[in-house]
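Novice: Listed below, chain by chain, are the residues.
There are 4 protein chains.
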Amino acid sequence: MTIRTVVWGENVHEQTSQIVADIYPRGMHAAIADTLQGDDISATTATLQEPEHGLPEDRLAQTDVLIWWGHAAHGDVADEVVERVATHVHAGMGLILLHSAHFAKIFKRLMGTPCNLTWREAGERERLWVTTRNHPIAAGLPDHFELEQEEMYGEPFGVPEPLETVFISWFQGGEVFRSGLTYKRGAGNVFYFRPGHETYPTYHDPNVQTVLRNAVRWAHNPAPRVIGVNEAPNVPADQALEPLEARGPRLHRDGEEGFR
Amino acid sequence: MTIRTVVWGENVHEQTSQIVADIYPRGMHAAIADTLQGDDISATTATLQEPEHGLPEDRLAQTDVLIWWGHAAHGDVADEVVERVATHVHAGMGLILLHSAHFAKIFKRLMGTPCNLTWREAGERERLWVTTRNHPIAAGLPDHFELEQEEMYGEPFGVPEPLETVFISWFQGGEVFRSGLTYKRGAGNVFYFRPGHETYPTYHDPNVQTVLRNAVRWAHNPAPRVIGVNEAPNVPADQALEPLEARGPRLHRDGEEGFR
Amino acid sequence: MTIRTVVWGENVHEQTSQIVADIYPRGMHAAIADTLQGDDISATTATLQEPEHGLPEDRLAQTDVLIWWGHAAHGDVADEVVERVATHVHAGMGLILLHSAHFAKIFKRLMGTPCNLTWREAGERERLWVTTRNHPIAAGLPDHFELEQEEMYGEPFGVPEPLETVFISWFQGGEVFRSGLTYKRGAGNVFYFRPGHETYPTYHDPNVQTVLRNAVRWAHNPAPRVIGVNEAPNVPADQALEPLEARGPRLHRDGEEGFR
Amino acid sequence: MTIRTVVWGENVHEQTSQIVADIYPRGMHAAIADTLQGDDISATTATLQEPEHGLPEDRLAQTDVLIWWGHAAHGDVADEVVERVATHVHAGMGLILLHSAHFAKIFKRLMGTPCNLTWREAGERERLWVTTRNHPIAAGLPDHFELEQEEMYGEPFGVPEPLETVFISWFQGGEVFRSGLTYKRGAGNVFYFRPGHETYPTYHDPNVQTVLRNAVRWAHNPAPRVIGVNEAPNVPADQALEPLEARGPRLHRDGEEGFR
Chain A
10 MTIRTVVWGE NVHEQTSQIV ADIYPRGMHA AIADTLQGDD ISATTATLQE
60 PEHGLPEDRL AQTDVLIWWG HAAHGDVADE VVERVATHVH AGMGLILLHS
110 AHFAKIFKRL MGTPCNLTWR EAGERERLWV TTRNHPIAAG LPDHFELEQE
160 EMYGEPFGVP EPLETVFISW FQGGEVFRSG LTYKRGAGNV FYFRPGHETY
210 PTYHDPNVQT VLRNAVRWAH NPAPRVIGVN EAPNVPADQA LEPLEARGPR
260 LHRDGEEGFR
Chain B
10 MTIRTVVWGE NVHEQTSQIV ADIYPRGMHA AIADTLQGDD ISATTATLQE
60 PEHGLPEDRL AQTDVLIWWG HAAHGDVADE VVERVATHVH AGMGLILLHS
110 AHFAKIFKRL MGTPCNLTWR EAGERERLWV TTRNHPIAAG LPDHFELEQE
160 EMYGEPFGVP EPLETVFISW FQGGEVFRSG LTYKRGAGNV FYFRPGHETY
210 PTYHDPNVQT VLRNAVRWAH NPAPRVIGVN EAPNVPADQA LEPLEARGPR
260 LHRDGEEGFR
Chain C
10 MTIRTVVWGE NVHEQTSQIV ADIYPRGMHA AIADTLQGDD ISATTATLQE
60 PEHGLPEDRL AQTDVLIWWG HAAHGDVADE VVERVATHVH AGMGLILLHS
110 AHFAKIFKRL MGTPCNLTWR EAGERERLWV TTRNHPIAAG LPDHFELEQE
160 EMYGEPFGVP EPLETVFISW FQGGEVFRSG LTYKRGAGNV FYFRPGHETY
210 PTYHDPNVQT VLRNAVRWAH NPAPRVIGVN EAPNVPADQA LEPLEARGPR
260 LHRDGEEGFR
Chain D
10 MTIRTVVWGE NVHEQTSQIV ADIYPRGMHA AIADTLQGDD ISATTATLQE
60 PEHGLPEDRL AQTDVLIWWG HAAHGDVADE VVERVATHVH AGMGLILLHS
110 AHFAKIFKRL MGTPCNLTWR EAGERERLWV TTRNHPIAAG LPDHFELEQE
160 EMYGEPFGVP EPLETVFISW FQGGEVFRSG LTYKRGAGNV FYFRPGHETY
210 PTYHDPNVQT VLRNAVRWAH NPAPRVIGVN EAPNVPADQA LEPLEARGPR
260 LHRDGEEGFR
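Protein chains in written order, with this note's numbering: chain A, 10 to 269; chain B, 10 to 269; chain C, 10 to 269; chain D, 10 to 269.
Just chain A, same shape as in the assembly (with noise of 0.2 Å):
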């Protein structure tokens, strides 16, 4: 069984920088689905500029990972296709929020926390280390590995506390982030994963592509989608687990939906 992965890019600065695109030359989305595809997952890619950013209902209903990069256009992503996704994360899709992705829309959806930080774009050096050995998202990882040139994010980031921290970054200027964070959403397991400025070559670094990897195969919840995900079914007296009268005032009649 293979996890079907999806691989969302914003394609904003392939197409407007030619120093992206020269890293980058069939986009940075189509680079990262190259990186997973293998014996256990199988990648396609979807962007902004598709019909419904190339995420339509039935697409993501077949989407076991979803992965999101976006940067400059946040604001272009339409917020019913937003909803969407959140609710397929809610009933079992994984998603992994790549870098600049802190600021997309469906990230702040599900923390319900601002998701800012400091940044510097110089090119500097970032070590990644390991906080937490038996996290498979970490499988097959050295202790720390480096890449040379990347933007900077510091803490404090505005997120919820996680689940667990799985990887901080140390930067040549100074500050420190934490890199990798996991979190679930309902039946969704989230992941956020910091690295890959788009002028830099980082989603052809070996680790970082090991990263990716395990992030895919962690965050997928191979139990069928949740259905009915929102629903909130009102049990009936007569129907409760064990014998019971009804007693009291009430405010609903028998079988009537609650208030929202």
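If you are wondering where the hints come from, they were derived from the structure by calculation, not from laboratory data.
We put the CB at the ideal spot given by N, CA and C, even for glycine.
If a hint is listed, it holds; no wrong ones were tucked in.
If you want the ones that stay clear, here's a sample from chain A, every Cβ over 10 Å from chain B, calculated:
#1 Asp48
#2 Glu66
#3 Ala87
#4 Pro231
Using C-beta positions, here's what the derived DEER-type ranges look like:
#5 Asp152(A) / Glu61(C): 29 to 39 Å
#6 Asp85(B) / Asp88(A): 19 to 29 Å
#7 Pro145(D) / Asp263(B): 33 to 43 Å
#8 Gln58(C) / Pro60(D): 39 to 49 Å
#9 Pro145(D) / Asp152(A): 27 to 37 Å
#10 Asp49(B) / His213(D): 34 to 44 Å
#11 Asp85(B) / Asn216(C): 40 to 50 Å
#12 Glu66(A) / Asn216(C): 32 to 42 Å
#13 Arg68(A) / Gly257(C): 56 to 66 Å
#14 Leu250(B) / Asp67(A): 46 to 56 Å
#15 Asn216(B) / Gly257(C): 53 to 63 Å
#16 Asp49(B) / Ser51(A): 57 to 67 Å
Given chain A, put chains B, C and D in place with the hints provided.
Specialist: Only chains B, C and D this time, still in chain A's reference frame:
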């Protein structure tokens, strides 16, 4: 120093249901505020029907802890007010969500999940068990206490894994529910507390009142409100904390704002 | 690749109580191992009475997941074996603690807390509710399932806040209990699962058996066992990752071991 | 009401190293206690060399928060005293572990893990970043502060996932470390704080002193010490909260103690 608390009430069923009006003649919000008043807490109220639902910017700026009870009219709460409250929570305002506020826009906004559950309005017995003896929200409580008549809420509760589980409820009809959950969102402490269906005298119960007072004290963050809670400042290379020479290609000019 | 699982059983009441012997003629450990055997799991057993309790170093080195059931003879387990198991957990071996193993030396060793609870042996009904729908340990289970006769365990349960709460139990007599809790200790995944009093046929229940199989798969860490799991290596200044000149006073000479 | 704080110091290097004696003429424990004294905190000291290491039962019973600094003589601390301290933490005493106390018996006892790390004594620059702006332990601090000379501690740090990560350190030599971590163990709040190598004047630093004072206030649990913190009481069927008739086979007679 008193903790400036605002109790927000939807104030709908108090006006439309004689049952509710009889239990809470001046409204649930007023009953809760009366309970909180004391040496270290000063409590006022706000309702849906007031301009800006009683929560204009200058009032939130003077609020240490906001308590929220809503049920029938979640959809009538203006998105602008929801966003304003979210920003204050991120900046340090405490927020306590009561009972049917699990479906309040502000709770779903901060959790990023469906926040759904199962329910039954049968006036059954609820018994709350303390699961974290050291938690300040449980101070002064026995290991368990009962509410003879309450609405049932059942698991699975569609929320993120909490920071701490403080209470778990047993229901006569056979369900369980995580009834007291703590979260942090930005600099704000968030507490969800389950009991409080409007057709029962729950907020007149001494143990429930103890929880409310404890929760206000716990949620209060005495630090000054965080300024610029959504900002993502650029730290130029020449202002880096360590000696740093910028190198490599760049998308941004010095001093430029980042993308959102 | 099969997950090499060892089911450790105290094997006392099976020898001294006809009731237990009738339910588990070959011992609880054998019954659990039989349940686990399958395409991806190979299960063997070990008991208190064997030399080194059946858990010598070379066997643990070949064990992916260890399951532990003990009750009457916690005090008879050698401290040396407990420490050996702890080291293997830290290095990546999965550990599943069943029922009365809440008081096993190895569980208290890994939790750092009293691990106490309230209890009642009255053959009452227990109903387990799934609280984390996405958790692999709950795969294939309905939202709740019942055990018609079980011992009661009640909150507060003296354990650290878990990574995730997977199950919560409802008891006929009025208590609740966090019945499925996940932890990580070093590189090892740890799961506590409540049901399994020896006088009831709990491990013959299909839902319980599903939990056990799921838990083995979840606890399995396929990464190689961590080497030197207690080491605290000195990184001399001349081997630092960044250029560094040692300065200031020192307690330690180059290459010296740290204090313990 | 003042928070009764005891600062425990190993008091070895102060006696054997002129460097340390020059920085802390009356001992590190006395310097830390001096820092804490104030309107809401009263601080005394205890050392390894005193009978029962200065921590007899009646003194711990009068201690709200215990601070622990040890390094060269972890092995000389009596197991009986360690267990006594652990019991008081479980019952509600706060505990703050400083620097090399990561290898103190009491920290390993409460964490259940190796608590190891990498290290280098080179007097390098450490910069601590606040990662949880709302945390009371960070009250009054800037987003980062520096210690010009400190020992390096590096990840991976062999501790359980914390409740909250409050500080992360950047080191000149290229490492990072989770320098401020909160835990709860039973009713006791536990805080680990990294800085404080004895050959540098770390505890004379104003920001470090602010952290220590904040940490004492955070760790203080004003609730009365929990009685019978290791008890596991039997709740007989005829005293159950809900009507319950005992059924099925039993191992225990009424009123019997459980196994341990």
